[in-house]
Amino acid sequence: MLRASIKSVLGRKLRLLMSAFAVILGVAFVAGSFIFTDTLGKSFDGIMNSSVGDVIVRPAGTEASFGSSQTLPGDLVAELKDVPGARAVDGNLTDYTTFVVSKKGKLIGGQGAPGLGVNFNTAPSAGGESMFRLAEGAWPAKDGEIAVDSRTAKTGGYVVGDTVQVVTAAAQAKVAPKLTGIMEPSGSLVGASVVVWTTHQAQALYQEGKDVYNDVWVTAADGTSQDELQTAVAKVLPPDLEAVTGEKAAEAMRTSIQDSMKFITYFLLIFAAIALVVGTFIIVNTFSILVAQRMKELALFRAIGASRQQVARSVLVEAFIVGLVGSTVGLLVGIGLAIAIKALFGSIGLDLSDASLVIAPRTVLASYLVGLIVTLLAAYLPARRAGKVPPVAAMRDDVTLAETSMHHRVIAGAALAIAGAIAMGLGLFVDVPNAIVWIGIGILGVLLGVAGTSPLVGRPLITGMGRLYRRMFGAVGVMAEENALRNPRRTAATASALMIGVTLVSMMAVFGSSAKQSINGEIERNFKADYLVSNAIGSDFSPSVGDEIAKIPGVETVSRMKWGMGKVKDSDEWIAAVDPATFGSVSTIDEKNDATVLKQLTAGGLLIDSEKASKLGVKAGDMVPVTLQGKPFDVKVAGTFESSATAPSGLIVDLATWTQHGGTAADGQVFVKAAEGADMAAVTSAIDKVVADLPTVSVKDMAGYAEEQSKPIDQMLMIIYALLGLAVIIAILGIINTLALSVIERTREIGLLRAVGLGRGQLRRMLRLESVVIAILGAVLGIVLGVVFGIAIQRALADQGFTALSIPWLQLIAFLLLAGLVGVLASVWPGRRAAKMQILDAISSE
Amino acid sequence: MTMPITPGAPAVVAARTEGLAKVYGRGDAQVVALGGVSVALNAHEFTAIMGPSGSGKSTLMHCAAGLDAVTEGKVFVGDVELTALKEKELTALRRDKIGFIFQAFNLIPTLSAEENILLPLSIAGRKPEQAWFDRVIDTVGLRERLGHRPSELSGGQQQRVACARALVSRPEIIFADEPTGNLDSRSSREVLDFLRRSVTEFGQTIVMVTHDPVAAGFTDRVLFLADGQVVDEMRNPSADRVLERMAHLDSAAGV
Chain F
1 MLRASIKSVL GRKLRLLMSA FAVILGVAFV AGSFIFTDTL GKSFDGIMNS
51 SVGDVIVRPA GTEASFGSSQ TLPGDLVAEL KDVPGARAVD GNLTDYTTFV
101 VSKKGKLIGG QGAPGLGVNF NTAPSAGGES MFRLAEGAWP AKDGEIAVDS
151 RTAKTGGYVV GDTVQVVTAA AQAKVAPKLT GIMEPSGSLV GASVVVWTTH
201 QAQALYQEGK DVYNDVWVTA ADGTSQDELQ TAVAKVLPPD LEAVTGEKAA
251 EAMRTSIQDS MKFITYFLLI FAAIALVVGT FIIVNTFSIL VAQRMKELAL
301 FRAIGASRQQ VARSVLVEAF IVGLVGSTVG LLVGIGLAIA IKALFGSIGL
351 DLSDASLVIA PRTVLASYLV GLIVTLLAAY LPARRAGKVP PVAAMRDDVT
401 LAETSMHHRV IAGAALAIAG AIAMGLGLFV DVPNAIVWIG IGILGVLLGV
451 AGTSPLVGRP LITGMGRLYR RMFGAVGVMA EENALRNPRR TAATASALMI
501 GVTLVSMMAV FGSSAKQSIN GEIERNFKAD YLVSNAIGSD FSPSVGDEIA
551 KIPGVETVSR MKWGMGKVKD SDEWIAAVDP ATFGSVSTID EKNDATVLKQ
601 LTAGGLLIDS EKASKLGVKA GDMVPVTLQG KPFDVKVAGT FESSATAPSG
651 LIVDLATWTQ HGGTAADGQV FVKAAEGADM AAVTSAIDKV VADLPTVSVK
701 DMAGYAEEQS KPIDQMLMII YALLGLAVII AILGIINTLA LSVIERTREI
751 GLLRAVGLGR GQLRRMLRLE SVVIAILGAV LGIVLGVVFG IAIQRALADQ
801 GFTALSIPWL QLIAFLLLAG LVGVLASVWP GRRAAKMQIL DAISSE
Chain V
1 MTMPITPGAP AVVAARTEGL AKVYGRGDAQ VVALGGVSVA LNAHEFTAIM
51 GPSGSGKSTL MHCAAGLDAV TEGKVFVGDV ELTALKEKEL TALRRDKIGF
101 IFQAFNLIPT LSAEENILLP LSIAGRKPEQ AWFDRVIDTV GLRERLGHRP
151 SELSGGQQQR VACARALVSR PEIIFADEPT GNLDSRSSRE VLDFLRRSVT
201 EFGQTIVMVT HDPVAAGFTD RVLFLADGQV VDEMRNPSAD RVLERMAHLD
251 SAAGV
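Listed in order, the protein sequences are those of chains F and V. All letters in the first sequence, in the order written, are residues 1 to 846 by full-length UniProt numbering. All letters in the second sequence, in the order written, are residues 1 to 255 by full-length UniProt numbering.
Any given hint could be a false lead.
Unchecked claim - From the derived model, a few chain V residues whose C-beta atoms are all more than 12 Å from chain F: (1) Val12; (2) Thr83; (3) Lys97; (4) Leu119; (5) Gly125; (6) Ser169; (7) Glu190; (8) Asp220; (9) Asp227; (10) Val231.
Claimed, not checked - Across the chosen pairs, the derived CB separations fall in these ranges: (11) V/Glu152 <-> F/Leu365: 32 to 40 Å; (12) F/Ala414 <-> V/Arg149: 23 to 31 Å; (13) V/Lys86 <-> F/Ile411: 50 to 58 Å.
No lab work stands behind these hints, which were simulated from the structure alone. Please read these numbers as outputs of a predicted model, since none were measured by experiment. Every residue, glycine too, gets a C-beta built ideally from N, C-alpha and C.
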């Protein structure tokens, strides 16, 4: 029997390859996501080990969070030198928004990877080497000198001796130091750029000249372990500082980075799951048809003494082979996918070119497990049916496999759909915890349920199209309709595969369109300024920009918004700061009660979004402990407001409080309003001039701002469409597969039609029409479901800013037309095959 | 074409072959199915082609009907040389001028009896002539069954639907390949009766391949084939005479 199975697979290579394609894509996503995250993890390991000292002293509680601007006093360095076991003590300053501008005026990096600005010291990292090695020239020795990493120098076109354009978020926005040295990092920088200053200049730039550091590295003397040194250092530290071993710090950083990268894994795994679900439909279909076609052969096996189990097993062995081949190819494609993602990340600034791919045993195991299990599960039902072929079928023509009643399937599908709808309803209209999870599970239930009932649900649509066909194409149309109806399961399974992809695409289209409309609406209602100055990459920029703009004649108001990471009642939160005196004229905090809210803020204190307030358990008038830049203080809750896009974090303090407690001086956004009657063109050009040589800073009007805000949504949608497109491709292959197999099954019928005068063109048209019916069925079901799901999600997220519902009808119609086109394309190859078939096959009886 | 035949009028040829040869395979595996057959099939006549298995009778019919390519020779239907036609023209000719009745699998399972009957017409985009359609339907006695699918009809009824389909487009010639091969004797008789009437009453031309002497007894003329050649012919055959002739052929063929 095993030999028979293998022969059978080899005899139907093409068909099985097409069903294997679904497995290949699914496995590729699984493998690709694992390989990529492992690779990413390893390349970050490289940074970690070179970015920690033996023992690190830092303000307590700063942990691994990047960009902490808390400091510790400079005289600590001298004190720690006396600690037993300490060979060297060095203070480090690190800034994450220092970027080099290339000779051509373009910002280097700045699309995700940080631009590091550090002070020069010779502290070796825990790995033993100094963090940086000098490759060329000399380290900066005095103010006005810098060293940069070799990649930045190369990209920027700078050589030793050049004057380099550097932009920072510090008070001094632009610096033009001389390049004295080029250095090599000891590990991968993952796309980050590095500017090395003298300690004196770094302190002047980043710490307003104060003798402070972000952290201090204590290097162990020979024979002293990290732990011993850590104990010794900890003894002499004041309570607001802590000492950790490099090992521990690296581990914490690693975990935090890996956590933040996990979304990529999840993202890809979701698409793997989609591909596999869609693929399952195709595999079930393919094996069902193959079993139906091989009935005589299977019956012969039964007749000569094979048991039901043996026959069923022979089909499962075939599935196993398909799964094995699919998984292997999928794994290889997955490696390619990982390389592609790596390249994609490289193009947006996260350079991983130094990292070699990590293919862990777990990845290989997962790939094969997923591929095999999915294929075997999908082939199980067809295999069982194969076992039920009566031996007599070998001798007779008219034995057909009793189709198990579709009753069960439809009832189960309907039950699942109803349960899903109830779950969605609960999530939407009843106050249940985790409403979005309810809705998500509901969506899944409805989707699979509708797939189950689609033979029934799709019928009216098919007959409706049939009526149209009858009128337009006569007998050819009638036959196309009847062919689509004659095997409702097959049509439904094929259409369902497409339906899933189209549902998700439509859902995302509705969601994305609503999101954009919500953002635009919010901006339109709240944006009262004429210009918004912000950093293109969302980080802070120098307050000098605002200062310069304020000096421009015709500018009436410059209102700054600053933000930073802080703690409110021990919870890590983004906190924003605005000037209540000016902010009301440029933007809105609370659409309904803006005046009240501003008044409350003017009195000083913290404004909290009402939802966040209940989450944190505070109310207006309470004193709450807040930590900014490591310094704790108590602040009065001035009032609560309804959430808005202006302050997505839901926490706003007045600028005076912010400054008083050491909030960062850099601006996050600067709103500019021109005086009435001012020459707008002149103002615009003057502002443009201020930011002209600051590539990180951009100026937008309201339309530009709205566009900038919707751009990430568009980009996200494009990526999701591209990935869902793969699910659609699997579905298209499914249509091709079903049609091709149907053509083989209908050989005699096609021969007869040709004999009585059906032209080749007409035959192709018949298949094309059948294919279009399947595609349109899938698309219509998918679009309807997608719109319903999209609305559900928008409703569920309405209180999180997705206030507007927008259904992109044009786009949805385009999807429908595209589906029709897909149907046409899918029929090309089966149609060609059918047209080539010999008429005589029909009439020469076997 | 539909006028009743005038007795004694000179026979009009509906189809003919000239030196028709069909060879399958190459070299050692070469099989000569037809070795230069020239035969004329008269219009308004019911012709049977008989012969032992492997005599080439089916091949002759397939080639004459334009279903199979010939190796050598010419085939004419009316004045048209089939062997000179392109695929498209051949398809159109089959559709408009030739009717087919096969042994089994004559009907499209998804279409009703009526739709099957009208299939060649609707493929061609033509409307049926209502009076003619009614007459054909009444002759085959299927009026009550028009809305049924093939699976709801008996074998005999299915074959009668096939006959009606062949007739309704008034082809110049109908080729029937063992039309009663799968039927019991009663259904066979009904179908043969019907074919006979089509020739006598409507002046239809029918060529039937069969190995059943009883079926051949319904025809005007029997052509006997053996080893790819026409070896004999019989006019106004009876089942007994055909049986006798066949027995002779079989023994000659060594069967």
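Structure versus earlier hints - violations, ascending order: 3, 4, 5, 6, 11
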